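**Student:** Chains X and V, in that order, give the protein sequences. No gaps in the numbering here: position 304 of the first sequence is 354 in the working numbering, and each next residue is one more. No gaps in the numbering here: position 42 of the second sequence is 92 in the working numbering, and each next residue is one more.
Calculated directly from the structure, the hints in this document are not laboratory data. Take these hints with a grain of salt, some might be off.
A pair counts as met if it fits within one copy or between any two copies, since identical chains are not told apart.
[Stated by the list, open to error] Derived lysine-lysine pairs resembling DSS-like cross-links, with alpha carbons at most 27 Å apart:
{"id": "1", "residue 1": "555", "residue 2": "528"}
{"id": "2", "residue 1": "607", "residue 2": "103"}
{"id": "3", "residue 1": "225", "residue 2": "103"}
{"id": "4", "residue 1": "607", "residue 2": "555"}
{"id": "5", "residue 1": "465", "residue 2": "435"}
In this text, all values refer to a predicted model and were calculated from it rather than measured experimentally.
So you can see what is in the structure, the chains are spelled out below.
Number of protein chains: 2
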Amino acid sequence: MAMAQINPTVGALAANARKIAAFGRRARLAGADLVLFPELCVTGYPPEDLLLKPGFVADNRACLDALAPRLNGITAIVGFVDRDGRGIYNGAAVIHGGAIAAVYRKMFLPNYGVFDEQRYFIAGAEAVNLRLRDITVGLEICEDIWRDDGPAAIQAAGGAEIIVNVNASPYHAGKAAVREELLANRAAANGVYVAYCNAVGGQDELVFDGRSMAVGPDGGIIAAGRAFVEDLVIVDIGLDEPRPRRAMPGRAGLAGRAGLAGLREVTLDGMSAAPKRPLSKRRVRPLSGPDEILAALRLGTSDYVAKNGFERVCIGLSGGIDSALVAAIAAASIGPKNVTGVFMPSRYTSEASRRDARALARNLGIDFMTVPIDAVFEKYLDTMKRPFRGRRPDAAEENMQARIRGNCLMALSNKFGWLVLTTGNKSEMSVGYATLYGDMAGGFAVIKDLPKTLVYEIAEAVNRRSRSEVIPRCVFEKAPTAELRPNQTDQDALPPYPVLDAILKAYVEEDKSLGEITAMGFDRAVAAKVMRMVDRSEYKRRQAPPGVKITPRALGKDRRMPITNGYGETGGGR
Amino acid sequence: MAMAQINPTVGALAANARKIAAFGRRARLAGADLVLFPELCVTGYPPEDLLLKPGFVADNRACLDALAPRLNGITAIVGFVDRDGRGIYNGAAVIHGGAIAAVYRKMFLPNYGVFDEQRYFIAGAEAVNLRLRDITVGLEICEDIWRDDGPAAIQAAGGAEIIVNVNASPYHAGKAAVREELLANRAAANGVYVAYCNAVGGQDELVFDGRSMAVGPDGGIIAAGRAFVEDLVIVDIGLDEPRPRRAMPGRAGLAGRAGLAGLREVTLDGMSAAPKRPLSKRRVRPLSGPDEILAALRLGTSDYVAKNGFERVCIGLSGGIDSALVAAIAAASIGPKNVTGVFMPSRYTSEASRRDARALARNLGIDFMTVPIDAVFEKYLDTMKRPFRGRRPDAAEENMQARIRGNCLMALSNKFGWLVLTTGNKSEMSVGYATLYGDMAGGFAVIKDLPKTLVYEIAEAVNRRSRSEVIPRCVFEKAPTAELRPNQTDQDALPPYPVLDAILKAYVEEDKSLGEITAMGFDRAVAAKVMRMVDRSEYKRRQAPPGVKITPRALGKDRRMPITNGYGETGGGR
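Bound-form chain X, shown alone:
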């Protein structure tokens, strides 16, 4: 069996079909009888409201029909959008003998977090087992296996020895271990092999991490795909043939069992076994912690750049840790020669900032450009002198500088076709410590889902992996500052980052109330202030560019808060 862990592009039907055909051919040449492709691999995942276009659904079907003959010589499970008179389904086509032999329709449709599947799809009502020569294979899609009431039990009762589950399962840090445990438990509980094929690649806010795997009936992993890259994983399940049909202990078999009413068995006609080839031994390097997150950020960034037709990016370098990390990720993702760091000093910029920004660019090997903003700032102050008459300088003048920088970066973007990467982290985005149209201006927000404390950890990982201080040590050590007025530091407005990040995790990711957060040991006034800042800055987040989700709840379609929101203001229960 082969698990083709491919990287489709949403909407690019023809290109996706070509990729499926190519991996199908590789799987056949490698001696596989069955090849799995990810959930909705014909359309890419998630296609979102493209699914509402009848023409798109028809085109996806036409692509599948044209693809089927190209998969002759192997049985393939290919995710696509199925349609009937009632509506559309998240489907998996069973391609056998170069034709569509059966279609399974996903039974459980996730509609939480980043998922909106009930917006589009009708749930399938029928589990499917395939009879492939003498082996019974249960077929599932993604969420099906996460549910205790999912089809696995009925498939096993119907004789399935292998359950194959095809996925587009978005990454967040730590999810791999959860998945592994789930698959092991499902396999052991049902006495079956489980083959789990996942997509790989970046799609707007999401990254799919691959890491397909097969586990045996004892729950042990027998094959694993690589993380964050395409892969073709071959596994020999090793069932003898010809062999008797599996008798489940204490179960009377398929016929007459009321509980199996919802199970359809599809027999795939004779196809001789593929010639066996010796499997090359391979080991997949496990990936976890900061290295794993770094890989996710790199893939999310490189795919956003490439799939949207960009070749180069630019980044405003401040000399601080956030922009340093973003530049390092960009350089590693798309090559340092495709990255321009833009240093934009003002009257408040320190000499240390200039030195650190320049050193970083040199270390990374990226282009470095200096665009001083003070002359423009001076003219803005002149221009606004009359309207501002009698008012003291405040955040208006600070934001003005950030917006001049945003304008300069966008001008470079417009002139040269570069994508602007923004550098805000999750702590800042959460409390709104960022200037809309200023440092928030750009197309992709690489570290948007990284709390500031994690920014430091990932930056350390960058240096560790490069075995040098590509991000200068002093960048780690100096106090974070926006440098928009004299002697400003982030901690003028915010609690220390370790405290801030812990409160934000409790509030933003875990939906804890002020009472609960106070009970965790945080100062009530500090926690209340942080929560209020989060609530009041929703309007800024609504206008922020997308960025890579790496936590269980990112700021984006994962978290859908009203802007107009009287809950915090009226103290509702707080």
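Following the hints, put chain V in place on chain X, whose structure we already have.
**Tutor:** Only chain V this time, still in chain X's reference frame:
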């Protein structure tokens, strides 16, 4: 019976409860036995991810419990979030004798368009009829009545003579007539009275239009609430009492009917009828066409401003029709003294633009401010001279000017606490003919869902209603231009607006394919270009401020397209 068509604020639990108590008291004093409040009126609609916070749900319940005794003396239907061990429900509490006598749980949860109810709620499994003295009243929430398989039939079979349906039904132009027909059909088909109570008010992208109504068993309207304002509608259904229980022709009654298994009957114990008072005759002025849309835009704007704590707004006036209309709407919504028009001329600004902007401000009675941007623009050109060396002027320099204006408006916003209203229309937003962080910079996009052709119609309505040319005639007559380079007009880049708008409606709102649009009679190359512009500018729309939905499909959470989208580019089926 009373229908209390109130304007709650999302999250403002205590304030909403106070409003419910006040309207309940008014209904009781008016002689009503039963008062209806809108769907989820305790929390406001839609509460979105506030619903994921256990504390919020608990607070909403505590508010309801505290509210119940304040509704003594009348039976009230109050929308709130119900919870049990399994999860949460979109609930309607029956408050009777100052206590919660029963709860109905919405059975049909919309999960399309702007709705995400399956993200949060479990569907109720049981229809509810109330026995209130000798009358049987069926209770429903919103979507329940839109479905042919909804509970109305079973409620009528169970003896309901009146069906009450409480709503938070968002407005779009033309929806009122659809609703009216639906209610008339449901009433006639089931031989019942239908009382439909809707919310009113603006919430981010949505406007609720009120227009509660009651229809008789013949489908005729017997009472109607006003549009776009709070209202208390009293209707005397006029059933005699005491009276025999209704026998449905050909139906054997409640007991033993399998089809009624899902119906619960709740008997509300004796409460003497409220003293009858004569109903004052009232007529509701019907509202349709441009006047209706104008009213929706005004309410959406004034509620966004007020509910987010702003008092004043500013608007960049260009002398063109879009900013003129936005200024007129703002002046009418929050008062001309709270509106500042900011004219920001550059080297490309015509004398006519200046004259028209000034005339408009004078006609509307709003403040007028001039902030010339050329000095700043000059400094930007100086600053970018080196990076841009060897390149010809292009869209980069044009966008720079728009972004200088955005920066000036945001500076005024930051300095004085004004909300910036943006002026882009749906045609521009659809094709991306707008500058991100430039003219798109601001908090609320008033006419974001108005195609350009409709902008002119609504602007005509403004003048007609004011019986004068508040928007100067020449503003209607001149060719639309961004004035970002010499002699520029919109039609340099776009097809004529009537053509553009027709293609956009087919593509954006109706999901038509290129083949279908060509078959409608449009030039294939023109249609393909427009569609490509729409697809390629999704990244801009993702960073746009919210604005009032007035079409069946607005650009916002109503339309969820991927940014990374290979469909158009690879020609998939086109």
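**Student:** Confirm or reject each hint.
**Tutor:** Hint check:
Taking identical chains as interchangeable, the C-alpha atoms of residue 555 and residue 528 lie at most 27 Å apart only when both belong to the same chain, with a minimum of 24 Å there against 54 Å between chains. Proximity of residue 607 to residue 103 under the C-alpha cut-off of 27 Å is found in both arrangements, the shortest distances being 21 Å within a copy and 17 Å between copies. For a Cα distance limit of 27 Å, the shortest separation of residue 225 from residue 103 across copies, 23 Å, qualifies, whereas the shortest one inside one copy, 33 Å, does not. Taking the closest pair of Cα atoms, residue 607 and residue 555 come within 27 Å of each other both inside a single copy (17 Å) and across two copies (26 Å).
When the C-alpha separation of residue 465 and residue 435 is checked against a cutoff of 27 Å, the pair qualifies only between copies, where the shortest distance is 12 Å, while the shortest distance within a copy is 31 Å.
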